[in-house]
Every structure is written in C-alpha cells, then in structure tokens.
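J.: The lines below spell out each chain.
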Amino acid sequence: MSWDAVAAFWSDYTLRTVAAGAAVIGATAGVLGVFAQLRRQSLLGDAVSHAALPGIALVFLLTGSKAPAALVAGAAATGWLGALCVTGIVRSSRVPADSALGLVLSVFFGAGLMLLTWIQRRPDASQAGLDRFLFGQAATLLAADVATMAVLGGGAVLVLVLLWKEFKLLSFDPAYAALLGLPVRRLDILLTGLMVAAVVAGLQAVGVVLMSAMLVAPAAAARQWTDRLAPMAALAAVFGAAAGAGGAVASSLSARTPTGPAIVLAATVLVLVSLVLAPRRGLLAGVWRRWRRRRDLRLHAVLLDLHALAGQHGEPTAAPHAAAVLRAMAAGGSVRRSLRELEGRGWAAAAGGDQWTITAAGRAEAGRFLAARSAAGSAGRTRRDDAPGRDPAHRRRDRRRLRPGGHVPGAAAHGHDERRHQPLDPAGHRRGLPGGRGPRLAVAGPGRGGHRRADRRAGRGAAPHPPGQGGRGHRAGLPGAVQPGRDPAGATGGLGPPRHRRRAAGRAGLRPLRPLRPRRDRPGPARAVAGGRRAAAGRRRAGLFFKELKLATFDAGLAATLGFSPALIHYGLMSLVSVTAVASFDAVGLVLVVALMVGPPAAAHLLTDRLPRLLGLAALMGAASAIGGYWLARWLDVSIAGAMAATVGAVFLAALLLAPQRGLVAAARRRAAQRLEFALAMLAIHLSQHECGPEAADECRPDRIHLHLHWETGFAERVLRAAEQRRLLRREGGLVRLEEAGRALARGALTR
Amino acid sequence: MTAHDPSPAPPAPHTGAGLAVAVHDLTVAYRDKPVLWDVDLEVPPGLLLAVVGPNGAGKSTLLKAILGLVPTAAGQVLIHGEPLARARDRVGYVPQRGSVDWDFPTSALDVVTMGTYRRLGWVRRPGRREREAALSALERVGMAAFADRQISQLSGGQQQRVFLARALVQDTDVTFMDEPFQGVDALTERAIVELLKDLRARGRTVVVVHHDLQTVPDYFDWVTLLNVRRIASGPVAEVFTEENLRLTYGGRVGFLERKADPTPAPGGRDDPTTSHFGRIRP
Ligand SMILES: Nc1ncnc2c1ncn2[C@@H]1O[C@H](COP(=O)(O)OP(=O)(O)O)[C@@H](O)[C@H]1O
Ligand SMILES: [Mg+2]
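Chains C and V are the protein sequences, given in the same order. So the number in this note's numbering is just where the residue sits in the first sequence, counting from 1, plus 373. So the number in this note's numbering is just where the residue sits in the second sequence, counting from 1, plus 9.
Hints should not be assumed to be uniformly reliable.
The calculated SDA-like cross-link candidates involving lysine to any residue, where the alpha carbons are at most 25 Å apart (straight line), are [said to hold, decoys possible]:
1) V:42 / C:1084
2) C:538 / V:130
3) C:439 / C:491
4) C:538 / V:77
5) V:42 / C:1033
6) V:42 / C:491
7) V:206 / V:130
8) V:42 / C:1044
9) V:206 / V:145
10) V:42 / C:1043
11) V:42 / C:982
12) C:538 / V:116
13) C:538 / V:118
14) C:439 / C:389
15) C:538 / V:158
16) C:439 / C:384
17) C:538 / V:148
Keep in mind the hints are simulated off the structure, nothing from the lab. The structure displayed is predicted, hence computed values, not measured ones.
Generate coordinates for the entire structure from the input sequences, incorporating the hints supplied.
T.: In structure tokens, the structure reads:
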C-alpha cells in the first residue's frame, strides 16, 4: 500500500465505514470464538454460517426484501436450525460429530445454492447482490449496516462480559457448574445463541463460506500467547479486529477481490505468525528450548569429565588436563567448543597448550548437578508416576507396579474413560462436539503441499463465470470438486489418523465417491481413463488392505471408515478457496464434495454394521443421490451441485428416521416397550428388597408404591396391573407380594 | 481408627432427619441400561464414608445421581433432610480426575476461586476476599506456591489437590469425592487423609469413592459396598466382612487369603471381627 492509498483511506468515508464494520465483526467473532474453541464448538460455527444461506434466500423469496435486518433474521433462523440438527443427530444416532457437521453444513448450503440459483433465474434484476453473502462484500457496507453489526456484536459481547464467570465455569467444568446450581442447559443455549449472533452479524461482510474462520483463527492465534482466559479473549478481539479491518481495506483497494477471503487470509497470517513466534508455545520457542537443553547436556558432560579427572588425581583444582584426554572420554561433539563455553561461564580455565582445569565454581556446579541427578534417580519412579502430561494409563500401570498387591484385580485398573460416556451426561454434552484437533490445524491447512496442488487445479477449473451470466456454466462445480476428493489421503495432509491407516482407509473412501462422475462427457477421455485406472487401483488396494481397514475401523465408526475427518477436509477446501481468492459459484461447488463423501456412508452406517455391505450401500446411495440430484437440478434448472447435496440430505434424513433398527421411529417404539419392562423389573427389585423387612407395611402397599419409586400414580397403576397379568405378583392383605416369577425377574435383572 | 466411633440412632424412615445423606430407592439407568438398582443409603453426619465396589459398579454414578448430575429413573435423595434443590449450598464435589480440559487457559488459583462462585451469585466477580479464601485453601493443600501455574503444568497429584482445594473453599457440610487418591503419590495420599480427618473433626461429612481395600479400615469410619445394588452399608467394623466383599466383587476374591496363622475366633466365620478385612492378608 502506498502512502497515497493511506491518505486516501483517511479521507475516504466509504473505506472508513468498511474498515470499522469489519473490525467490529472481527472483534466480536474473536471473543466468541475463544469460548467456541474452548467448548470445542468452533466447527459448529461453520455449520451455523453455511446453514444461514438458505435462510437468506428464503427470506428474499418470501418477502422480496433485501433489508439487512430481514436477511439477518432469516440467516439466524436457519443457522440456528443447522446447529440444532448437528447436536440432534449426534445425540440421537451413532453418526459421529464430525460427520454430522460436514453433512449438515453441506446439505444446508446445497439447499441454499439451489434456492439462490432458482432466484437468479427470475427475469427481474431485483435479486442482484444476494450472492455477496457467499464470500462477502464489505464494500457494500453502509453506515447503517455497520451500526446494526455494532449493536448485534456489542450486545453479544456485553452479555458475555456480564456472565463472564458463569460462562467460564460452564466451558471449563460443566458438571461443577451444574453442581453449583447454574442452569447449565440454558446457559449453553445462550452461549451458542451469542455465537450465532456473531456469525450472522458478519455474513454480509465476510460471507457464509468463510465466516467461521473468523471464529477459529483469532482465538487460535490468541491461545498461543497466553495461558489465561481474559487476556486470551482480549487478544482474540484485537486480532480479529486487525484482520477484519486489514482484510476489508485490502479488498476494497483492489477492485475485484471479495472481502471474505482477504479477511481470512489476514487472520491466517496472524495464526501462522503466532504459531511460530509465540513465546512459550511457539515453534521457535520449542526449538530454542531443545537447543538449550542439548547444549547444557553437552557442557555438563565435559564438566563432569573434568571433575572426575580432578577427583581421580586427588588433587585440588590446579592440575590441568589435555583436551585430547577429554575428547577420548567424551561420547561425541566438539569438546574444544564445550571447553571454551565452560570457560565463558567460569567453570573451567585454560592452562595453555590445550590444557584445561576445573575451577572452584565448576566443581560446585558439577557437585550440584550430580546431587540433582542422583535425587532424580532415586525419586525416579515416584516422580515418573506423578509426571505432568503423562498418559493416565501409564500412570495407572506404574501405580500398580509400585504398590504390589495393594489393589483388587480389576478394581485397581479403574480404567474406563468417563469421557467416552459424555454425550449422555447432561453436564457433559458439550463433549459431543468435535474440534479438539480442529482450530489450529484447520488454519494451518492451506500451507500443506496437498492442498496447494489441489487448489491450483481447482482454481483453474473454476473459471470466472460471474454469477447469473454464465448460463449453465455456474453449475460446473462438480468436475473441479471431484479432484481434491480423489485423493482424500493427500488432502488431509498430516492431519488425520496415522498414515498407513489413513491411506488404506482413504482408498476405500473412494467408493462412495465414484458415483460423483456419472457424466462421462465432462472430463476429457484421457482423464477419464486415468481416473478409471486410479480408481481400479484404489479398489485393488482397498481389497488388499481390507483386513487392516476392518481392524482400523472396528470401533472408530464412520469418520475412521473414511480414514479422515470430514470437518477437516471441509476446512482444507475452504482454506484453499480463500487462498486462491477465486470466489465464484464454481468454487463453492467444492463445499458439496463433503456432502457426497459423508452423507451416503453415514446413512449406510445407520442401516448396517457389516463393512462390505456398508461400502456397497454407501456406493449405491451415493449413486442414487447423485443421479437423483442431477435430474432434480435439470428439472428445476438450478445448481446441480446444490441439488445433489440436498438429495443426499433427503436420503440421510430418510435413513435417520426409518432405519429398521437404529431409526428414530424404531428407537422410539422400542423405548416405549422397554420402559414398561424396565418398570416391571424395578418394581420386582423394589419388592424383593423390602418385602421381608419391617418396612414392608409401607413399601409394599400398592397405593404407596408410586411414592417410593417416584412414579406418577397412573403409571404405577399400569405397571402393577401388567405385573399382575404376568403373574409376577399378587395382592394379599392390602399389600403386594412377589410371586416366584417376580423374584426370578428381580434376580435376573440384578445379575445381568 | 480414632476414638471417633459413630453409632447413630436408627434413622426415621424417609424423612432423612438427622442424616447427612439419605438415599431412598434410587434407580439410575443410562439409556436402556440400568446401572443402579433400588439403592438405599443412609449416612449420619460427621463421618468419613468409603464407597467401594468393582469397576463399573456404579460408584461414580451414585455420586452423580446424588448430586443431580445424571437423571434418575426413580428414588429420592435428601441432604440433611432437604432435597438437593434446597441444599445446594451444603454439598461439594471433587470429580474423578480427567473430567476437565487440562489445557484450558486457567490457573490453579482460578480453579479454586470457582468454589466461591455460588456464594457470589450471578454477574458479580470474585474480588480480593474470594482470592484470599482461594489462596488459603491452596495453602491448606500445600499448593500455594503453584497458584499461578496453568493447570496442565501440574503433576497428577497436584491437580488432584487443586480440585480438593476448590471443594474446601466451598466449605460445605457434605463433600463427595470421586477417587481422590487415584494417581497420587504416597505423600499426597497422606496429606489428603489428614485433610479428610480435619474435615471430620469439624463435623463435616465426606463420602469418598475409594479403590484401595486395604486402607479402608485405616481411613474411614463407615463403608458402603456397592455393585449395581447396595450390598451393605454401615460401620467398617460391622460390614467390611469377607462375606460382603465376596458378594460385592463376585468370584474375584482370591486375594482374600487369610493369615498363615489365624487366631480362631469364637464366633467362627460369621463373627465380624474374624472376617474383618483388617485381619486378612492381601
Ligand atoms: N454417561 C454414561 N452413559 C452410558 N453408560 C455409562 C455412563 N456413565 C457410566 N456408564 C456405565 O455405567 C456403569 C457404571 O459406571 P460408573 O458409575 O462410572 O462405575 P464406577 O465409578 O463404579 O467404576 C458402567 O457400566 C459404565 O459403563
Ligand atoms: Mg468411577
């Protein structure tokens, strides 16, 4: 930026407005992003922002209005719905959080694209400008828009600051928050609501595709610099504001750059700088620490040698020793350099002719070092046992070894990981959401070779068709989209599970992808042949690795079946979109790859457990939704990619509801039946525990049972009647008594 | 054991009067799987109670259900005669280790200060008084020097003590601890036991999920044996019997070898003193 530009900036009212607006968005998203990151919900923000698109389109379709307030309301509504879908799917099915996220965001976004292309077919020009919500156009911000954002964002931050300690506790230890009597559920919803507000506030300027990066990047950068929550939030606000203002101004200066990518690029730079330079957690600091530790070891080795030599001769300090001797004693490294450094510290002295002596200070230091080492040695086991950052499993093992016989077998290894159960735990439900590995990696993504290559290809594939002019051209999202997906293993870079597994699994992940290419005419013949060969090789290798694949995916569920995290793939794709700054309808077709990668396998996983059948079903459903979506798009004349994603969503929804065993309908029916069985067992156990005691007079009165078991009167009556019918008990002298069958039921339930 | 030997009057049924904790007919199920069946539990005030049982017996679940952290299918819980909703100021909790995000940007002092949040009420921030209370709690567990450490930079035992300090600063009548001795060294274990005894001396009640059967008689006054249902509950001397342990742990009681030369007890097998675990060699 030249000096003129700076001057122009200060005199330019529009530019000032734009910068202020983007800064407000950045700061708000930064602060809320901190909490999103700590609650592992950063990626939920992604679902929210993508899901906002159909809301915007719907509001326009229904009201014909482009008033910011109306559009923002629509965005918030469907964005919120998207968030609910993610949590609902995770809670009610076996679909892992990652996949639920990728699925929801791509399906909602696909629906939004469909609507948007549908709107664009309308003859009048009134729709112009809606597409700025895709990648953001800060240049269109007016003072009134900025005021709206400031109110929305400022309000969100104000609530956050007021309830700071409550939200902090909620994020850190929700169980304890519940114990203290905080309304955890409502606070959780409120905090998510604030996040939705921050996201929709930024949509006009940053766009639905990249808005969530504003939640992720500033928070991830800020975490690098501090270990405290308040400074982290403040830093994130500053980073967000800086990225927002910087990106907005840069994009306004070069005419055709959309704002979103520019802002996200600025934020990404901040993250990279933080990753490298941060004082304690940064890469450089780590390298520096390692280097120092190694140097200290090297110096002390030589110092100890000198010390030992001096001790051997029983002399005071004076006798010098040749460097050559020391070199012979040393394991390696440059002894002379070490000696010189020791001299610098006053621990050794040169006696001329390459002879060296240890000084008094050096002796003291050597003594101190030896003492510390022997202390560490003797305390080694306990210390290890207690070392921070150790894997708890190791700790447990060590502990058992330390106290032989001190534990009951089985009881000693109290091994089960409570986190695994968390999704059910009302206080721990936040754990259900992904993102432990999310934020930092996601932003570092674009730097990886795989991305960069894929992205150049995608950039080329996505020729600049200005939306609305290119006729059918804008539907060509798919060919470009297939490419990064073709090599899922490469696309995940170093981010996924261990490499061999990722590779094997990634190949198998090709299968659901194949239906993506039903249109043979699109890629040239040579490419089709090459692609086919590659796919065949993939299939062969998937066959070879089948056993490993099966093992590796045994319990890790769908995400591992595919061998990579859909959320990360999505992030990679989006980051590369931002890097190329090619923002067009074509580029966003990329988003929908995720739908086709995640949807069919997720749906298949609801229908079957067996891997071969799962792969087959996934391929089938993928093909069906691709073809169905294609015809739908033809018929309605809308975005093909969008229609395919929407069809995937419909297929998945059908599976989620109707799957014979895991479907929500089947589950609800089963639960009703189980409730009665459970109640019967509970009644039987209750009676069997109390019927002999003196308390039986009260505990076994049929009209009091509901009080003891805390049932509703009607339900207790129903259970009693059912129990009588099944001859589990009989009424006798105003009390109920267990029959033998009832006692057997109680015994059976207890020993189960 | 100390001279402290509680032998409470038989509790009035279901009112929980005179009891620190009264659990009645508690049943808890996770989805379709019941993990606690019809559990009754009565804990008189002013004593240390151990809850023991094999893995997956539902010990943690019992604590969580008492504290309202998991929904119950049936049953009733009274704390000092009141339902939890009205007794929140009287209960503290030290969760099982590993239930929080250790990388959270917060310091030891910060965590302990959370114990004052309920007293503070909504919106108000912890001030000097709260920080001082937190610091003195940290001092009581010997962690004052680590007040400003980020929590992931503490060792396992130190982390455990921080959470103990958080419960101390809450200063409640009844405290529930889920395996406070898990993964701590012998020194820390002794310090924690001293703290427990100190709490008892001040009339507080502590319910501890405990794993090391050997130390039960040394550390605790009462014990509850739990395995899906309550096997037994009462003074250690009465209920901590081989028979009950066998019922609790099923067949896996091969470790209960008798001493090479056991003094034949007059009452035989059923005499509680003979089968008292303290006389059984590991
Ligand atoms: N949140 C949960 N969802 C489903 N099952 C759970 C959950 N928490 C615990 N369980 C199951 O309940 C049983 C009891 O668990 P827990 O109370 O943690 O046992 P303990 O603490 O005695 O080892 C175990 O079988 C465990 O697998
Ligand atoms: Mg437990």
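J.: Hints broken by the structure, by number, lowest first?
T.: Hints 6, 7 and 16 not satisfied by this model.
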